[in-house]
Structures are given as C-alpha cells and as structure tokens.
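There are 2 protein chains.
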Amino acid sequence: MKNRKITLSEQEIPEKWYNIIADMPNKPLPPLHPETKEPIGPEALAPLFPMELIKQEVTTDKWVEIPDEVRNIYSIWRPTPLYRAYGLEKALDTPAKIYYKYEGVSPAGSHKPNTSVPQAYYNKQEGIKRITTETGAGQWGSALAFACNHFDIECEVYMVKLSYQHKPYRKVMMNTWGANVFPSPSEATEAGRKILAKDPNTTGSLGIAISEAVERAATNEDTKYALGSVLNHVKLHQTIIGQEAVAQMEKVGDMPDIVIAPFGGGSNFAGLAFPFLRLNFDEGKNIRCIASEPTSCPKLTRGVFRYDYGDTVGMTPLLPMYTLGHNFVPAPIHAGGLRYHGAGVIVSQLLKDKLIEASAHDNIEVFEAGVTFARSEGIIPAPEATHGIATAIAEAQKCKEEGISKTILFNLCGHGNFDMKAYEDYFAGNIVKHELTSEEINRSIAELDTPEIK
Amino acid sequence: MKNRKITLSEQEIPEKWYNIIADMPNKPLPPLHPETKEPIGPEALAPLFPMELIKQEVTTDKWVEIPDEVRNIYSIWRPTPLYRAYGLEKALDTPAKIYYKYEGVSPAGSHKPNTSVPQAYYNKQEGIKRITTETGAGQWGSALAFACNHFDIECEVYMVKLSYQHKPYRKVMMNTWGANVFPSPSEATEAGRKILAKDPNTTGSLGIAISEAVERAATNEDTKYALGSVLNHVKLHQTIIGQEAVAQMEKVGDMPDIVIAPFGGGSNFAGLAFPFLRLNFDEGKNIRCIASEPTSCPKLTRGVFRYDYGDTVGMTPLLPMYTLGHNFVPAPIHAGGLRYHGAGVIVSQLLKDKLIEASAHDNIEVFEAGVTFARSEGIIPAPEATHGIATAIAEAQKCKEEGISKTILFNLCGHGNFDMKAYEDYFAGNIVKHELTSEEINRSIAELDTPEIK
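The listed protein sequences derive, respectively, from chains A and B. Each number in the numbering used here comes from the position in the first sequence (counting from 1) with 1161 added on. Each number in the numbering used here comes from the position in the second sequence (counting from 1) with 1161 added on.
Bear in mind the hints are in silico, worked out from the structure with no lab data behind them. Misleading hints may appear alongside valid ones.
Because identical chains share one entry, a pair is satisfied inside a single copy or across any pair of copies.
To be verified - When the alpha-carbon atoms are kept at most 27 Å apart in a straight line, the in silico DSSO-like pairs for lysine-lysine are as follows: (1) Lys1251 / Lys1290; (2) Lys1163 / Lys1412; (3) Lys1322 / Lys1582; (4) Lys1285 / Lys1166.
Generate coordinates for the entire structure from the input sequences, incorporating the hints supplied.
Below you can see the structure in the form of structure tokens.
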C-alpha cells in the first residue's frame, strides 16, 4: 500500500510558534499614526486587543511558547495530515512530487481556528467577557465562534448583510457554537445606525462591519476585538501549520523545493511558508515560497509598496504594505477570503526583499484546478484553497515540460462544504474571469495620499 | 496535555472485514421469493450486483480480506480518530468515561464511503461501466459518486425530487465528483415516465427512486445497482469502523461497557458494534451494544419480527426483519438516513436473540443532544449522528444517578455541514416531536400479508 497520508501524534503538536521577524534581514518599518503620520508604539492597540497579543504583535523573540490549554484545544483537529498527492500527480502526468497540508479537518473547516483559539485564550486570561469581529463569507466568524464557545466568552459577529442573507448556513454554524450574529450595518452600534439612517436598504460591506465591531470593543471595558489575518500575531499563530509540515516532510525523508499557499491578508501563506523560510535562514536551504492570489485582487503581483490604511475608511494606523489602495473594491469572486486590498507588513517586506514570490490566477483557472483536485484526490477544496492548487499545478506542469522532478508542497487551507454554490456557478458557466486593466489599478493607486516608502 | 485523540497509523488500517454471521448462535433465516414465497439463493441477486458482492452477501467465513486497492483509498481518511469526550463528560458532570469514533472525516462527510469504495472496486473488477443508486438526503449518493470517480465508473444517482429541489448542494457535490444526478421520478426510466404521466407534479419518494435505479441496472448489461445499507455485504464493509475502534480502545488500555450507534438500516450500527460483539463471542466479554433509532421510525423498539419486503412496492425478496410494515411512511424528520421501515436481517436476528439492545429518542431530544455536543466537543454532528449522542448522554446520566463509572463509546457517523437547515429549524423552534401512537403502528403492521416467523 502507498504511504499516502503522513500523520503526527498529538504529542508532536509543536510547543512554540515561530516568529520570523527575528530572522528577517530587514525588519518591517514602523506603523504610523493615521493623522499625525508619526511612528506609533504598541500602546495604540490597547483599546482593541489584550496585552499578551499586543506583546506578540511586536516581539522580536524567535520563539513564542504555546500555552498548554491552547495545545489541548488544538488537539481536537491537530496535528493535521499531510498528504502525498498521488492522484493529482497521476492526473497531471508530471514527474513532480506533490504534497499538501490539509487544514480543512478543523471543526470550522479551515486554518482559521489556529489563531482564533489562542486569541480567545489570551482574552479569557485577561478577564475579557466579550469578543467582537466582522466576517464576510463567514469562515473567520465561525472560527472565532468555535473558540469563544470553548472559553465561555460571548462572541459578537458583524456579518456583511449581503452574506447574512445569502449564506445563512455559516450564520447557523456560528449560532450553534453560541455566537450572536448581526447583519451589518446593524442597530447595535452608532456606526451602524448612522449608515442605516442614510440608506436603510444597504447590503453592507466589510469596511462597515469592521467599524461596528471596533466601535463595540472601543466603547466597552469588558469587550475586545479580534482580527483573522494581516496582523503579526495572527501570522505567528498560523506557523503551527508549517512547523508540523516540516516535521512531516522530514518523516518521509523529503523536503519541498517549492512551498505554495493562497494569499488574502497573509496568515494562510505565513502559516505554511515561514517555518520553511526559517530553514532557508538557519540551514542555508533554498526553498522557494510562492503566495497565490486572484488576478482580480493582485496586490502582490501588481500592487505598490507604500504606507496604506488597513481599512477602507482610513481609521487604522498606516502600515507599510503592498497595496492596491484602500479604496480598491475587488470583483465579487467566491474566494471571499482573498478580497483584501493589502498585504500584511511582514509578508510585504519579505516580498520587497525578494525572499518570497507571488503568482496570480484568474477565476476560471482556479475552479478548473479545484475540480481537477476534487476528482483526483477526493477532497473538494474551498474557493480560497483552489488558488494554491492552481499554482501547484502550474509548477508541476513546468516540471513536465522541462523533464525534471521537483517536490512541491501547498496548503489546502479548507474544504468546500459551505461553498457548493460556487461550484454550481462554475458548472453552469457562470464564473467570469475578472482581469484588471493597468488603468484600473493605476487609478486606485493614484488616489493614495499616504506616505511613500523610499 | 490531555490525550484527547487516539489515532492509528495508515499501516494499522485493518486488513480484513469481520463477518459476524460466522459467530451468530442462530443464523438469519433465508430470504423468500416475493411471489412464490419459497426460499431463494444468491443467484437471484445476479442481475443487480457483481458476483463478488453476492458471495460476500452469503459467505459464512469469519474474515473477508480487504483488497489492497480498497485499503489504499481508505487511507485518504482512515484510520479515523477516536476521541475521549472530555468536554462532554464535563458538561454532563458524569462519572462515566465517554469516547466517540469520528467518521465525518471522510471526503463525503460520513461513514458511507467505507462501503461505496469496495462496492465500486468489485464492480470495476468485473468490468461494469455504470453504477446506479437512489438517494434521499444525498449522503449515500455523494459517497457512491466519490467512489465511482476514483475507479472511473459512470455514476447515476436518482435523487428524490423534493430533496433535489431543497438540497441542491449535495447534488453539486455529486456533480463535482462527476456523477449524473436525476430528479426522481425522471424521464430516463420506464418507471419514472409512468409515474410522471400520471402525476407530472409529484415530488417523488425513495421507493420510486429505487425502482428507477433498479430498472436501469436490470435492463443494461454493463450497469449494476448499489445499496448503502441493510444488506449483509454493506454491514461487512462497515466493520472497518469497529475494528479500528477496538484497536484504539486497547491502545489507551480501556474497553467500553456500552457501545452505541445510530440505526437506519443497520450498517452504521453494525460497523461499530459487530467487532465488539466479536469480543463477547470470542473472549466472553459482556459489552452492551445499543442501536439508537428515532421515535418516529421505531422498528427495533416497537416493530414486529416477521418477513417483509425491503421496498415499498413489494418487488424485493422477503427478508426476516424487525419492521413497521413496508407501507409505513415515517414523519419527515431531518435525520433522513434513519427513515427506513425495516432493519437488516443480521441485526434483526441479533435483537431477537437479545444479543443487542435498542433505544429510541424523539426529535427534540436529539437536537438538544446535538447542540450540547457541538458546544462541549466542538464538532457539529449530522442529524443521524445526534441519535447516538442522545443514547450516550442518557447512559452517562444514568451513571451519574447511580454514582458509578462506565465506559461508553458511540459512533459519530458524520458531520452536520450539509444539515445547517436542521439546526436553523431547531433554534427557531420549528422541530416537532413525532411520537407514534400504538394505533398508528398496529394499523401499519396489520396491513402486512407477508409470512410470519414462529
């Protein structure tokens, strides 16, 4: 029998998260105050996040210990399996060896609980009673609901009204874990009421939902806010993925030449890739790490490296990032998790320094890749995950053309059980390409009045 | 850290299925011809099933070897994890130790691929080009689609029209694995056309869908039919579950006093329980095995033991079974997999001989159990699975009342990702109890003109 699945025991769940900042040749530039544009310190985050997470946001320690209680909850689904993709290799008739790490085995169905669990834990440690967040498609909201339920913390999710109406099942999932889900804009916040007064029929946006969740945290002593990607501490928590994958690759006596992961805000990619980049730093390895983004939201492949806001309204600190401009509105692709205008600061600096690469795929290419994968490997991937598959397939085909064998590893970050509508649209021919013209991108970037980076 | 999850390596996937018939003190009575009512042999099944499965249907060998290629596909998701339910134990404040085997990690989300994979394999071996089946809610149809896709066999699924319209996502899942899904009744069969001519607006029924799938197999040389429960070979394949569970319990140095599984046609229950019953037979153990059924379809707890048809129309052989009568129409509960009027012959004989037990739970009790489980263990169970949880909770509460500790193991046969509508209904207070009166049951049984069993 083929050795298809490489597993680790519960005892092999890593005991520390890896902080890549310690190893970066050029550290990320400091955040700037949104108005004064002067560098700001971590204390600016205190109204929104518990102290321990703020410490993690700025620490330069190479390793951060994972609390036992967090590892205990991780063990519900971790270590996750790493697969040798024999079926996909055969379907592509490629000399490449393909592996994937499967994060869809978590109860919420994606990699997101890797960070929602420690975030809920640290909030609980500091006596916080309620955590608020926003969610678009619902992946992050359900991961946070799952985590808060475990620590008996109230969870308040502001869900973009359009998604709330069109994706009722993600909402029910959050309810099942005890979360309160509000269609955003809602009557529960000043920000929501203002917008509703102006336009009672608005379908909402992620920007509005963020404003509501942040307002609740900023105006209530016992309430904090949680974010599912972009920030350093989120990336830190996700490195559990890559550390397990390194151990699993070593277990089968192999090591990837190429590591690939989907890219939204950066935590998915950071999670798998950073522990392999550590091997480049520490052991002189030369592993290529490629971030996969949609051509409809190509901040890494076509964006600009400069200071920009994390939100649409311009309330967050200014961060040094690859961005399409904070006013950029991506096409409504099914991979909702990849529709973010910018990239987290660590990944941006790494790309600037050419320590990682990026690749973009259009909407049709990724669904072709997703169906090829489902039919050859048996697992139906989430639309976000299909982007990593598309890059892996492209690299495997290059191997075939060049007649060489490389070892490719990608992050299968979630299953598609809640995304069947996307596949239905694909089979019905209702998926469109969404290629951006240079004019569209330049226009959005030209609007920026934020500081440039020399 | 607590040892929450007991795992096995790929190499520990069992190499044989366990055939309980070899150990039964009283063997099941023979099937009878539907018209002559004379005992019939396995050759009667030849138009519908490949020879190897017919051999497995009647074999008295204690062990049946699992082909390497089947074990190879099993390894996509097997061995499945066995969990110690620390969270549920705490929520119930019980001295009982609770374990569960989790079958929802399969790509189709339930235990069904344990049998769809070998069924597709044996059909492929015998040169079959197409397999037909019926499906209600879609669990079995998607499991068969998954398996046929792997062996490059055409898969034709007749899906009850009402489900086809109300559960489009299960259909898309089957399409993603390349299956053709027809709303039943369809124009593709004589049986379907007849019914449509009479009533073009019918929403279909499982009985009609069976007739269509069977007709296609019976009238095409290269086409066979597949069934997802009830039959002996289906139960045989599912024993992979219990064999792994025995090994996992031994690994933690524990052994269940009570083994519990949901009951529809019997393969779910057989899968977990039979390998533990083997320990009763072979090693003189005294493990109680309890089948959990809905009070709305209580064939084991309130049915009669006699010959009855497997289908509604009365075309199948007469089988010795616990039954509510083949015309019994259960209430439309969300646990569609448990809405079958009868029980498979092996389980029926075991119950008759008091070697197993049965327990029934109403619709509200099971959703309460499901939500308690989701909030204490993190995994949202399928409606079918909540029945096993309800029995486990009842037994754990008995332990608390009596101040004794027992070890309880149940089969968490699938996740609820495709059943969020059921939870939505539960939270909205739209779930009703469906208790049957004795009159209703007696009326259905009184209609039977099938042979009684002395």
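Comparing the hints with the structure gives:
Proximity of Lys1251 and Lys1290 under a CA criterion of 27 Å is satisfied inter-copy only: 21 Å between copies versus 52 Å inside one chain copy. Proximity of Lys1163 to Lys1412 under the C-alpha cut-off of 27 Å is found in both arrangements, the shortest distances being 15 Å within a copy and 24 Å between copies. In this assembly of identical chains, Lys1322 and Lys1582 lie within 27 Å of each other by CA distance both inside one copy and across copies; the values are 18 Å within and 19 Å between. Taking CA atoms no more than 27 Å apart as the test, Lys1285 paired with Lys1166 passes between copies only; the shortest distance there is 25 Å, against 36 Å inside one copy.
In this structure, none of the earlier numbered hints is contradicted; all agree with it.
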